[in-house]
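Numbered according to my numbering, the sequence shown spans residues 6 to 280.
Be careful, since some hints might not be right.
[To be verified] What follows is a set of in silico ranges between Cβ atoms, one per label pair, in the way DEER data are often shown:
| # | residue 1 | residue 2 | range |
| --- | --- | --- | --- |
| 1 | Gln-111 | Val-177 | 25 to 35 angstroms |
| 2 | Ala-96 | Pro-241 | 26 to 36 angstroms |
| 3 | Gly-198 | Leu-92 | 39 to 49 angstroms |
| 4 | Gly-88 | Glu-207 | 16 to 26 angstroms |
No lab work stands behind these hints: they were computed from the structure. In this text, a Cβ means the ideal position worked out from N, Cα and C, and glycines have one as well.
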Amino acid sequence: MKRRLVAVVSIVVYVRCHRGRRGKESRGQRKLLTLLLSAMEPNSPQTPGQRPVPGRATLLPVLYAAGSWLRHHLDPPELSYVGTYWLFLRALGAVYAVAFLGLALQLQPLLGDNGLLPVSLFLERVAAGSSTPWLQVPSLMWLGHSDGFMLSLAWIGVALSLALAAGYTHVVQMLVLWILYSSFVNVGQLFYGYGWEILLLEVGFLSIFMVPLCRRGGSGRIWGTSGRYGSATEPPPSKAVLWLLRWVLFRIMFGAGLIKLRGDACWWDLTCLLY
């Protein structure tokens, strides 16, 4: 009875303490399994050099498989969010591409020198009313606001966005995308004062910290050097960033519902969808 109790304790220790890589057997695991066999077989030798106990070679892989199964179910591997990371960055690249493409096609009639709300006049008003216009309206347009310069920035944004949507990403690329789009939003005036621009900037800023600063594999692809996502060269995204993105999603859903309840009484009496 005592030996069986020792065997159970050995299994628990094996499951909780030896978390080697799946499919690979560590020296500590082999030693624990040997002790387990010694505890289960009452006549097993306790000193090296004695005759091996019959059946040990047969039981060893069985017990190892049982221990691996218990380890997997009692202590499952930590989630890596590799698939979420792969899909999220590609989707963000597609959204960025649509935003920059629409900007490039509408820039001149809206914000150009002969547009409805020229950026040049807006920056002149800001500079006249502030001693630090760069801080009040942070934008690359202070370096130049001609139609050609702004169009060049917009098309650079399109190119970087398409690269991100195709699976190529780098932390500098994410930072440049955010700086470019925030530069246009800050001088967009009436045309860029909607919630989706601010939402894209917030998500884009958080996404900068999802991308690893250095890639051990040397590849710019989201899925690493092995040709598929989830390779060992790609570290998992930051848990803090994941929770901040969840917080953004909660605010969107909660705010969308709250604005309906505050906007019209028909949402309270469930009659808004009645015609």
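To see whether the hints hold, each was checked on the structure:
{"no.": "1", "hint": "Gln-111 to Val-177: 25 to 35 angstroms", "result": "holds (28 angstroms)"}
{"no.": "2", "hint": "Ala-96 to Pro-241: 26 to 36 angstroms", "result": "violated (18 angstroms)"}
{"no.": "3", "hint": "Gly-198 to Leu-92: 39 to 49 angstroms", "result": "violated (30 angstroms)"}
{"no.": "4", "hint": "Gly-88 to Glu-207: 16 to 26 angstroms", "result": "holds (23 angstroms)"}
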